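2 protein chains.
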Amino acid sequence: MTSFAADATVAELGESGILRLIERFCSNQVGDDAALMGGMAADQEMVITTDMLIENVHFSDATTSAYDVGWRAAAANLSDLAAMGAVPWGLLIALGLPKETPISWLENMYQGFGECLKTYGTELVGGDTVRSPIRTLAVTAFGQVRQGAAWQRNTAQMGDAIVITGAHGLSKAGLMLLLEPEVYPMVPLSDAERELCYRAHQRPQPRLDIVQTIRELTDHQSIRITAMDSSDGLADALIQLCQKSRVKASIDWNNVPIPSVLEKVAGIKARHWWLYGGEDFELVLCMPVDLADQLCQVVPECQVIGSITGTIPPDSDRLQDDLLDDVRDDFYVSGLSRRDGFQHFS
Amino acid sequence: MTSFAADATVAELGESGILRLIERFCSNQVGDDAALMGGMAADQEMVITTDMLIENVHFSDATTSAYDVGWRAAAANLSDLAAMGAVPWGLLIALGLPKETPISWLENMYQGFGECLKTYGTELVGGDTVRSPIRTLAVTAFGQVRQGAAWQRNTAQMGDAIVITGAHGLSKAGLMLLLEPEVYPMVPLSDAERELCYRAHQRPQPRLDIVQTIRELTDHQSIRITAMDSSDGLADALIQLCQKSRVKASIDWNNVPIPSVLEKVAGIKARHWWLYGGEDFELVLCMPVDLADQLCQVVPECQVIGSITGTIPPDSDRLQDDLLDDVRDDFYVSGLSRRDGFQHFS
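Protein chains in written order, with numbering that gives the first Met the number 0: chain A, 0 to 345; chain B, 0 to 345.
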């Protein structure tokens, strides 16, 4: 490869140079019009998801290195597959770049993306690279799940336990430590605590391990599990699961697991960040109580935070019609408002 | 649905309003973390492709209505599936929008996208919508092809006929008529001729019909067919097919089918636009001569334009190493230079 100065840009690399760089990270070298993936076993279904990430909306040089932009983009999409109970099959990246993007940014972004995929046993299989005034990533992830065994959002039932698979609020804490170091933390942190928050923000871990653990616990039988990830915040996930399943939930507010490090960073805002911080990429699951107990025993960071306590009458049209936005959120989860939540588009 | 003023923007619509609008065009209404697609027959493989389109790079309000932005985005991705010999299975759109985007733009874009999918018997199954300073679309299309029957770029052999499936240069002609009406056409056009050019540019037709026709002509046997689409220009397609297959081609330059309307619009530039115009979304195919003859008989707009005349010695490392960019293109196709070609990234 021709060598470039440390600050060389993708414009100097040119189209074919960009392609050669990307090919180092891509398992599909043939360069056809589309990636050929092979077939699926007869008992499998496909799930597929896409996410767009925009510079200065979803990431910025101030808080996110190129490596972490790649890692987070991969992790967010793998988390969507985990939320469906699926196993990853492959990913694509469509990339928009300004001419003045450093080659090193492009390379490090693919490095982070690739490391995340490798960690979770999957591959980049294709993509597209175009010129754009701002850095833009659109990642597509697709995976497989056994016929009838996909987890959805609309299957929760009265009596189900509500389980979260790990800490919430730490991604927000990491972001705020980076953005406003003169304001946060409220109480001094150890290096390890600070690193914990940074990592939660910069290297989120999609919970594909939970998919595997639950499959093993249930002996690969199709147990009814209702799931989504908490990328838009824990509160949003709880409300969505209730809305889609037409059920009410009760959270054990006196006993929710607010991480101690979160209290040190956020002070009185700790509970708020825990609920609304977003981007923790844990799973929020509704399942039979005994399975929930087994899961919490096997995976210590899992915790039951409440249960499904009632159903929304089928003759209530408030869910269907245009009043949806006016429905008070505690119609679903007592004491919870979505208004403060993280909103993708506003 | 709440009614909005004609010039209302997506900011007024809000996140949930945007989602409701999109749901009207999307077959997957459940709103899970990923779309659940079902399984594939045991004898099928999957192909998957993604494309990013940026405002003022790939489209602009000056030449492309919202409806046509949607149509073209769908068509370009379906054309990639056709180039693989595949049948569409579904598509996703990730969309970045400025707050001030008119609701009508969003709606018309989805309308155009949806009409194209409907025309070709497939569906929108999911997506993502985020805030962005510029309008950005990332479309992912996936399809199915029988095991071992995918068309690729690297299988052309000595003696193959080279077939194009339709007119080239007309998309460029349509674009130039829109952009520089005081310069083009060189010779007055009838309304029908003008419309032909506009439509070539604004409503390209992915050649999924050719996939079907060839499958029928070959009785669904796996015949070796080498293919790509001409989205980046006919010259680029010819060179890529030769590079990837390590063969040389000869084009019957004295007998190439330059459309008469192209000569009226472009004058002495007609042949140049035919070769380098791009975005015609036809297929360029290499196949045994007798199959080529059958295809041209059944589909009159298909034409043999040349043949594969030789191979590149396997000990030539010029294809592999960093001299690639310096290789004179007539190393592959006599008299053809890629230098003037359409380049995605420069």
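Incorrect hints may appear among the rest.
No copy is singled out in the list; a pair is fine if it fits within one copy or between any two copies.
[Claimed, not checked] Here are the computed lysine to any residue pairs in the SDA-like style, where the Cα-Cα straight-line distance is at most 25 Å:
no.: 1; residue 1: Lys117; residue 2: Asn253
no.: 2; residue 1: Lys98; residue 2: Val56
no.: 3; residue 1: Lys98; residue 2: Pro132
no.: 4; residue 1: Lys268; residue 2: Phe3
no.: 5; residue 1: Lys243; residue 2: Gln220
no.: 6; residue 1: Lys247; residue 2: Gly30
no.: 7; residue 1: Lys98; residue 2: Ile133
no.: 8; residue 1: Lys268; residue 2: Asp6
no.: 9; residue 1: Lys263; residue 2: Glu44
FYI, nobody ran anything at the bench for these hints, they're computed from the structure. All values reported here derive from a predicted model rather than from experimental measurement.
Can you give the numbers of the hints that this structure goes against, from lowest to highest?
1, 4, 8, 9
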